[in-house]
Each structure stands twice: as structure tokens, then as C-alpha cells.
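Visitor: Taken in sequence, the protein lines are chains A and B. Numbering of the first sequence is given in the working numbering, commencing with residue 207 and proceeding in unit increments. Numbering of the second sequence is given in the working numbering, commencing with residue 207 and proceeding in unit increments.
Careful, some of the hints might be misleading.
No distinction is drawn between identical chains; accordingly, a pair holds when it is met within one copy or between any pair of copies.
What the hints assert, rightly or not - Straight-line Cα separation of at most 20 Å, EDC-like style, residue types lysine to aspartate or glutamate; simulated pairs:
(1) 313 / 285
(2) 682 / 602
(3) 456 / 239
(4) 502 / 537
(5) 456 / 266
(6) 502 / 489
(7) 451 / 588
(8) 340 / 545
(9) 340 / 537
(10) 382 / 512
(11) 259 / 270
If you're looking for bench data, these hints aren't it; they were derived computationally from the structure. For clarity, every value in this text was computed on a predicted model and none was experimentally measured.
2 protein chains.
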Amino acid sequence: MMASEEKVTFNIDKTQDFSGWYNEIVEKAELADLRYNVKGFVVFRPWSVIAMKRMYGIWEQALERRGHQPAWFPALIPESNFTTEKEHVEGFAPEVFWVTEHGSGEKFEERLGMRPTSETAMYRMYALWVRSYKDLPLKVYQSCQVWRHETKATKPFIRSREFHWIEAHNVFATEKDAEQQVLEDMEITQECLFGQLGVPFMFFERPQWDKFAGAIKTFAADCLMPDGKVLQLPSTHFLGQNFAKAFNVKYTNENGCEQYGWQTCYGPAISRIFAGVIATHGDKKGLVFPFDIAPKQIVIIPINPDINPEVGKKAAELEKKLSADYRVATDYSDKRPGEKYYYWEMKGVPIRLEVGPKDLQKQSVVLVRRDTGEKKFVKEADLSHAIQELGNNITESLKEKALASFNQMTAEAGTMEDAKQALDQGKIVKTSFCSLDLTAAHCAEIVEKELGARVRGKRADKKEHPDGPCIACGEKAGVVVYIARQY
Amino acid sequence: MMASEEKVTFNIDKTQDFSGWYNEIVEKAELADLRYNVKGFVVFRPWSVIAMKRMYGIWEQALERRGHQPAWFPALIPESNFTTEKEHVEGFAPEVFWVTEHGSGEKFEERLGMRPTSETAMYRMYALWVRSYKDLPLKVYQSCQVWRHETKATKPFIRSREFHWIEAHNVFATEKDAEQQVLEDMEITQECLFGQLGVPFMFFERPQWDKFAGAIKTFAADCLMPDGKVLQLPSTHFLGQNFAKAFNVKYTNENGCEQYGWQTCYGPAISRIFAGVIATHGDKKGLVFPFDIAPKQIVIIPINPDINPEVGKKAAELEKKLSADYRVATDYSDKRPGEKYYYWEMKGVPIRLEVGPKDLQKQSVVLVRRDTGEKKFVKEADLSHAIQELGNNITESLKEKALASFNQMTAEAGTMEDAKQALDQGKIVKTSFCSLDLTAAHCAEIVEKELGARVRGKRADKKEHPDGPCIACGEKAGVVVYIARQY
């Protein structure tokens, strides 16, 4: 047991005070530094970046396995590209950072926008690349940063004026192929976001008044933060032929006729998903990382190596051996073991490996799981196998736990009063609603005004039928929607 | 043998017409698209990006193995940060792209520069992060793009206004530690640039008139392009305490005294190194990729699958099997086999796997090396092993060939006439020179004026002693330098 004077590194209950938990862990675990001197921009520090690099890898592999190819497009987009698609420019122009000059003030002839998203950079090239049906489907993605001059309050990872994402942009010969891609994007999201990172979510078709600027339909995954607000994670957009017509993306079909392409785009925002991961799995002691993305997967704690030099030697030997397959740290600092435990628990390292004089004799070590605190004695000979198994178990059990909790967070409501009560309890409200068309926008306004919440849309992954009138106006409902407060 | 009407995809001798070879292969192999509508910016297409992503991985691993950690710093730097280090701002300010406004024209109070390099973004944070000697060494890198409004003519990969690089920035407690880091950076360069990519180079200490703005000393690797011009690849800079003093990067030492840190930075420009790789290994038929970074490592050519459906089936089976370990393409197009061969040779795929009806009977396939054209019959059962071995052989033999050719490219010269003759033959000239100090800058001007070439510096990897007078002024020489024409 730990001595009582041991300093607890972190001790905030995220379910009671999520904002306090979040702000404190971002600083304490050195995830981001908010002191950079451009408003809305943060420095992402190694402890988050190592994990986010792994997350990039997870999505890139999922995309490449399905035939998407990586490219790098310029960060700067001429103003005239933006204005090519009318709805798009209306949505994004207010947020663009403009480069107007270089050097000692020489002006550019045309303002250059730092990409807020790359449709208008990419589709102009797609018009040159797509010639024949043989060039389709065209599935290209890029991993990059985008910049948006947000007017909402920024919060590290959740909303910044610079964020790190992947954007996949596709052209298909037919409407059906494009619709199929939207389903594939949802499948990728399921595989990566829940399957590998253990973040449960619901995929919604967004209402028409809340879609991506220039899209026909927008689909988006919402995960739930511990304070009951939803966070939008990857979204995928069915663009129809809107951009193809604006940018002249045409192909010649088998019969020699020219046709406009059908387009989709998909945008997993890695830095924002990171917020979803830490908020979902974190606990009172701090971060809890799924095994695969943990910046360090194992921390070795030699017990009193100053008294037992053999213990220090063994720790070094184990670190060397395990580093071939895992990301390993060893804590040789002069802190007491208990303090070291608290510190690395706060940092979210999935497995703690303790080695002391008794363990040396028994040729074994102690493994402790971050998520459950469970201890296990393992023979050195079985170590590699035991860690592999433990790593998988940790991720699987994080997934189960997160899903169980997520599944309790939906409440059905038929009245505004019931809805308000459920929202106040931090739940997502399922209810009947007029429709997702622009004609129902006034009902959404009522919801926003009276409940301080937004209509997130209808489930994209299953059909649901309304069993009552519209919660806002009392007229006949045409759709089941989910209402939530949001980031 | 190929029928004579077969269309040769590519046929330019890079040693006779390097510029023609380079421009043509960039377009033909779809490496970059120069039609993007911002001057000096190009679109990097999948065939180069897949290779460059592998190259990023090679350097990142080499850095991380040596204790460098990844971070992500903002793309925008306030003007006041730039002006903090006087020499640095003089060097870089003329090239900065400035963001001055957002949205519909709201001005920022201070201009924000798109990073041309990140010293002034990072070291301001380092001043906050470094407190005690226990925080040192601080070794942080980022993989990112930088933007420089170059006035020189741009050339894809070689010089663009946007390029993709890694920048590693370090702080040490002592001058000696910092000097040691410069040596480590050279070791990383050797391991990655020659060891893994097979690009031979020489590491020079640059003359004082040609160092990085703000550095005490600059060391840089030059590789040699087929037209005899050198291309500067990674450089590493010993910054001394220049930036530490400007940005107040201080630590408290073991005795409780405050000290300025000693700094270095290292900048491998991945997109530029890519130019070095393709220029070094490419041949008359097009690209030649080292096995590990090839966008596709194996191309399977089924011979007349329309006549022999079994051949098509076998090709699909082999693709599936090999894709577990390699990047594999199969060419099912209706081109004749010979045309396919030419096409994939142009694309630089290291191994061609042919499968025809006779091969089916013998349960074997034909493997053809891109670099030598050598053919080999391999039993299907031995395929995986044979490919692994062939892949290694290809990379090793590319290295040997490149090194043998590089080693012939240096010529010693004692007079300006001899030097000119050697330079005209596309060689690097080794000669005696006054010194690398600013006092010798006028000698460098003579060289530049009379020979159209630059003094690249003295070898950083070995000591050499002058055996004659300075080639430019005839006075006593203090150093052996290398002179070359450059990109």
C-alpha cells in the first residue's frame, strides 16, 4: 500500500466536472500547450502527437485497403476557386485566413486562402484528371491541417482554429456508386472509431439546415462527452453533382457520352477524435489509452534500484527486450514507487511492469492494468505473450465498458418537458419530429430556443418510425430524430 | 521479344538531357501536377506521395530511436516572433507569406507569417518548457510543410514555394552535447539517405557566407544530379546560444545557476530528397525505386488472360497472397504484354512478376528485376522468400552502382582553367582555398563569377590539408574546399 504522504497526481471525477477534468488533464499530461501566441492555436505536445500519429495510421490503412490513394495538395487556395461553388463559399468564406502579401509587403494579385477544407483546391485538378469512365472511381485522400477562423470559443483538440485531419475526396460514374461510398465511410468509421479506439457513436443523417456547405446530404458520427454534450466526429457528405458541375468534373462513358461525375467526401478530424478518445476512456486518475495508440504502452518501475542494483539492471534488460515490439518507458527517477504509480496512471499508460528484489529471485514480474488496477504475476519467460494478451484485453474491455455506458445515454421523450429533463441529466433525446427538410427548420429553432439543444438528425444506420406527433409543433411527425446539446 | 510496333513509354538518357528526363518523368509517371493555379505550388500525386510517406517513416524512426519526440506546432507565426532573432529575420523575412486578414477582410492586429521554418515558433515555447538541467536534452521534431516565397525559378520537388520536410529542434546543457548532436544528425543522414535510399552525398561544413540565418555553423549534405549540379539535401545547424539568448531558453544547472541552452536544428526536406532519389537511380526507361519505398513493389502481368482464364485466376490469387507483405498491382488492361512492361518499367516498379499458361503447368512464375532486367524462374512455393531476397538485392545493387558513379565525380584542380573544365564535365571540384571565414568571401565571389559555381565548403566527415595556394587569389590556402554548380 502507498504511504499516506504520497502525492496524488490527479483526482477529478469527469462525470461531476468534465470541464475541470478536461482542462486539467490537457495541461497535467502535457497533451497541448495553450500559451502559443496566436489566438485559437495550440501546440500539440509529444504525449498527444504520438497517439494521434497512430490514429492517422489507423484511418490511412482503412482508407488504403479500400482503394483510396494519398496525395498532397497545396495549403493555399486562390479566392476565385472558392467562389466557384456558390453554397460552399457562403459557408466557408467567413472563416478563411487570407494571405494577401509576402516579404516586405508585396501584394498578391488575388487573395490566397489557407484551406479550410480542400474541395475547391482538389476538384479543379480532378477536372483535369478525370477523362473517361476508366479513370473512375477516383478515390484520393490527404492527411493535413486545415485552418478556420472560428468565432466560437476554442477548446484544445475539440475546436481550434487549426486542426489536423484526413480528407478523402471521391468521384464516381453513378449516383449509386457515390451512395455506396457513403456507406463505406460509415463502415470505416465503425472499424476505426469504435473497433480500434473504443469510442461508441451514432451515425446521423443531418437535417437539411445543418448540412455541409455545398452537399446534398451530410452524415455524421456523434459521440457523447461525459457532460452529456455530443461531439461531432467523422462526417461524410453526398455531394451529388453540385461540385462536379461547378468545377466541370466530367467523364466520357462507355457510349462516348459526356457525363458529370458523382462525388462524396469524408473528413475524420484526428485531433478532434483524440478528444473523444480521452473523454470516453479517462477516469478519476487521469488518462486511459487503448493499448495500440498509447504513447508509451508499458512503464517499467524498478523498486528501490538504489538499494538493489540488480533490479536496475533487470529493468534495463527488460526495457531493451520489450522495446523491440512495444513503446516502453522506465522510470528511474528518485520519486517513491507510489508517486511513480500515480504519475504514470495519470499519463494513461496501459500496463505497469514492476520489478523488485523478490521478483528477481522468482524470475517473474508484476503487471498492473491501468484500466482495472488488476495485478498479475508473470514469469519472465511468458512476458511477451502475456503483454500481447493483456494489451488486447485492455482495449476490448475499454470498448465494452464504453459501449455499456453509451447505451444507457439515450432517453425517449414525447414532450418538451421530458426532453429538457433528460438533456439536463446529460442524455441524448430520441423523439418524433416533423421532418429533416428545410420546412421543419422552425421546429428546430423551437428546440434550440427552449432546450438549448440541437436536432442531430435521424439515424443513418437503422430505420425508425415516429410513434407520436412532432415534439416541437405537435403536428404529424415524419421522422424519428435525436436531440442533444453539443460542442 | 517485343513486337516492333510496341509503343515505348519512355526513352530519354538522363546523362545527355537531364532536364528533359526530369520534366518528362514528373509528368509521365504522374509524380506531380504543375497545373495548380498558385505560382510555385504543385500537387503531389499518389505515385510520389506513397514513396515520400515511406521516406518520412524512415527518418522519423531514425530520429525516434535516438530520443527525438514528435510534436505539432502551429503553421502561423506572429511577426514579432520573427523579429526576435536579428540575423534570422533578415534571412527569412523576404520570403514569408503573410496572413493579414480573415473572412470578408477583417484585419489582424499583427501580421501572421506562414512558417518558412519553425525556430521562432518553437523556441518561444522551449523557453517555457526548459526549466532545469533535468529537462535536457530536449529533442523535438515535427513533420510538416513550410512555405517560402522563393524568387528563384521553381522546379517540382527540387524547389517549390511549399515543401514537405521534417525539422528537429534541440536544446542541450553544454556546447559539447550540441556538437555531438550535429554528428548524430550526420549519422542519421548516412543511415537514411545512403543506407536506405541509396543516394550518395558528401557532408560539408558551409562557408560562413553561406550558413543558415542565425546559425554559428551550418553543415549540409550535397548529392550530385546527373547534369553535374549538386543538390543540397539535409542540413544541420549548430546554433550555439544565439536563439537561446534571443528567446530566453534557460535552465538551472546542478549548482542552481541559470545558464542559456545550446541549440541545434536539423532539416531533412523529404520532397526535395525525393528528387535526389529519382535522379540518382532513374535510367533511360524511367524511374527506378529502391524496393522499400516503391509505391508498388511488384507488378503482376498475366499473359493473355483472355485466352487462358486460369492465368487471370492465378494472378488474382498471387496478388492476394503477396499483398499481405508487399504493395502489389496487377495489370489487367487490354494492352499487349510488351506495352505493359514498358509502362511499369517507366513507373519504376522494382519487380515484375509474369504469369502465363506454361508457368501454370510448372507451378512457377517469372520474376524480372527493374534495375538490371535480369529474369528468374521461381517456384510458387519459394516465391515469398525469393521476393524478399530480390528486394534486398535490388536496393543493395542500386547503392553500389550509385556510389561507384558518385566516386568518379570528384576532380582535383589547382587552377581556375582546370576547375572550369572539370565543372563543364559535370564534376565536383576539390581544391585549395583561403578559408571559410567571411574574409574569404571575395575569393568565393571570384569563383562564382568566373566559374558560375559555388564554394560548397570543407568536408565535415574527414580532415583534408591544402597542397597548393588558394585557387582564386593565389595566396596561402588554409582549407580544402569543394566547388560545384548547384540547384
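Visitor: Would you mind marking each hint as holding or not holding in the structure?
Guide: So, going through the hints one by one against the coordinates:
no.	hint	in the structure
1	313 / 285	both (14 Å within a copy, 17 Å between copies)
2	682 / 602	neither (43 Å within a copy, 74 Å between copies)
3	456 / 239	between (46 Å within a copy, 19 Å between copies)
4	502 / 537	within (12 Å within a copy, 42 Å between copies)
5	456 / 266	neither (27 Å within a copy, 40 Å between copies)
6	502 / 489	within (18 Å within a copy, 44 Å between copies)
7	451 / 588	neither (62 Å within a copy, 52 Å between copies)
8	340 / 545	between (63 Å within a copy, 18 Å between copies)
9	340 / 537	between (57 Å within a copy, 13 Å between copies)
10	382 / 512	neither (68 Å within a copy, 29 Å between copies)
11	259 / 270	both (16 Å within a copy, 13 Å between copies)
Violated hints, in rising order: 2, 5, 7 and 10; the structure is consistent with all others.
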